[in-house]
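Assemble the dimeric complex from its two separately framed chains, guided by the hints.
Chains as they are written, first to last, in my numbering: chain A, 1 to 77; chain E, 1 to 148.
Rather than coming from a laboratory, the hints here were simulated on the basis of the structure.
Please note that the accuracy of each hint is not assured.
[What the hints assert, rightly or not] Here are the simulated DSS-like cross-link-like pairs (lysine-lysine), alpha carbons at most 30 Å apart as the crow flies:
1. A/K17 with A/K53
2. A/K33 with A/K17
3. A/K34 with A/K17
4. E/K125 with E/K78
5. E/K51 with E/K108
6. E/K3 with E/K51
7. A/K17 with A/K2
8. A/K53 with E/K51
9. E/K125 with A/K33
10. E/K125 with E/K3
11. E/K108 with A/K33
12. A/K2 with A/K53
13. E/K108 with A/K53
14. E/K147 with A/K17
15. E/K51 with E/K125
16. A/K53 with E/K78
17. A/K17 with E/K51
18. E/K125 with E/K147
19. E/K31 with E/K147
20. E/K125 with A/K17
21. A/K53 with E/K31
22. E/K125 with E/K108
23. E/K79 with A/K53
24. E/K79 with E/K147
25. A/K34 with A/K53
26. E/K3 with E/K31
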Amino acid sequence: MKISILAFGKIAEIAGKSQWEEIPVQDTDSLRKKLENDFPALQNMSYRIAINKQIIHCNQPIQSSCEIALLPPFSGG
Amino acid sequence: MIKIHPNTVFINGAISPAWIANAIQSHHTQKHTGGHSIFLGQVRMDIIDNKPVEAIEYTTYTEMAIDALQLMCTELEKKYALDAIQVNHSLGIVNAGEICLFVFTSAKHRRAAVDACTELVERIKAELPVWGREIFSDQTHSWKENKN
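In isolation and in its complexed conformation, chain E is listed as follows (with noise of 0.2 Å):
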């Protein structure tokens, strides 16, 4: 069964396009492993009420969160004979055009790594206890919600 490490979900932080190669890397070992799918989701400049949004601080409730991620990866680890996921999601401050997220699937073969990684994050998107803060440039911010 694929666990989730829950000390390895959050960064602090945007995720760097180093970090995610090296997370490409770490994958290279799962020989009979045929597609990788790979989502990264952007802090996107929103504009609000005229307003670009320029940062998005995180934060979520962390017990709750490990707990909705390892059942997703279970779930889809059986629906999608999944040989490998990886989620990291950013806590704190990320900036408008940053990486926030990144989720990462493995399978034999591709259909069922890119359906799986879809599946996973919309999933994140509805199930993942984490809050947004979207921050303007005159410090003033409102809250994220996500639709559906």
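With the rest of the complex left out, here is chain A (with noise of 0.2 Å):
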């Protein structure tokens, strides 16, 4: 099983794409250990993730059917 990701705003243009799959990870802070090193441009940038769209606060485990998003600072309004 791989969990999806949905990437947006900044994200996605950092990776180039704004949806894909990686293979699972223990929790969110591996996530993003994982994200940072794939994309070291991350490192230098606040992000929030959600899981199944609700913004986690803390670092929390994933579970491989979930859905996972890379959330920049948003802009709206």
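As structure tokens, this is what we get:
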């Protein structure tokens, strides 16, 4: 099983894609580490992670069926 | 309970004055309402590194945005005893000077309508997953970030 990643705004630009799959990682801290290794520009920006559309506020376990979204700072309105 | 209609929140391109007039007209059936408050967000021609912003291109995470808006509307409806709420946000390209956000609140009395509208705009800025790519005339861009 893989986990599905959605990227938005500046993160989609940095990654060069807005949707992809990752091999399972244990938790969101591990995912951040993996992503920041793959896309070093992420190290210099703030972004939040949502699991199944809920923004998380601390390290959370990742289930293989969940949808992970990478959210740069919002700029609507 | 006021329900957000997922297919009608986001509008492709700028929100036109004629469209806004129609939106106002559509709320006239609420006869017990005493006040409406409206906020219109406009794309501002910010100057960044000496370059004026010509347009903003908006994108969203639709499913999360609809959930977030529904939560805001449910909470504000209860807090201010609102009769109606309408929110529309542009997606895609909106030129500087054009409208990109329409927020409309109705209540029995003016104070509730005005306060709810102000609070809803603040929450949209902070909680709605929408991203704006500021486009300059030389086709370079920067990513906007809302300030608190």
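30 Å Cα cutoff - pair A/K17, A/K2: holds (17 Å)
A/K34 paired with A/K53 [C-alpha distance capped at 30 Å]: holds (21 Å)
30 Å limit on alpha-carbon distance, applied to hinted pair E/K125 and E/K78: This hinted pair holds, its Cα atoms lying about 20 Å apart.
Given hint A/K17 paired with A/K34 - CA-CA distance at most 30 Å: Roughly 16 Å between the alpha carbons, so the hint for A/K34 and A/K17 holds.
Pair hint E/K51 and E/K108, alpha-carbon separation not exceeding 30 Å: violated (46 Å)
Restraint check for E/K108 with A/K33, where alpha carbons must lie at most 30 Å apart: violated (52 Å)
Given pair status - A/K33, E/K125, alpha carbons within 30 Å: With Cα atoms ~29 Å apart, E/K125 and A/K33 stay inside 30 Å; holds.
Hinted pair A/K33 and A/K17, Cα distance within 30 Å: holds (18 Å)
30 Å Cα cutoff - pair E/K79, A/K53: holds (25 Å)
Straight-line alpha-carbon gap E/K125 to E/K3, limit 30 Å: Given that 30 Å is the threshold and the Cα spacing comes to 20 Å, the pair holds.
Holds or violated: E/K3 to E/K51, with C-alpha atoms at most 30 Å apart: violated (41 Å)
Pair hint outcome, E/K51 versus E/K125 [Cα-Cα no greater than 30 Å]: Answer holds: E/K51 to E/K125 is near 24 Å, not above 30 Å.
The structure does not agree with the numbered hints 5, 6, 8, 11, 13, 19, 21 stated previously, though it agrees with the rest.
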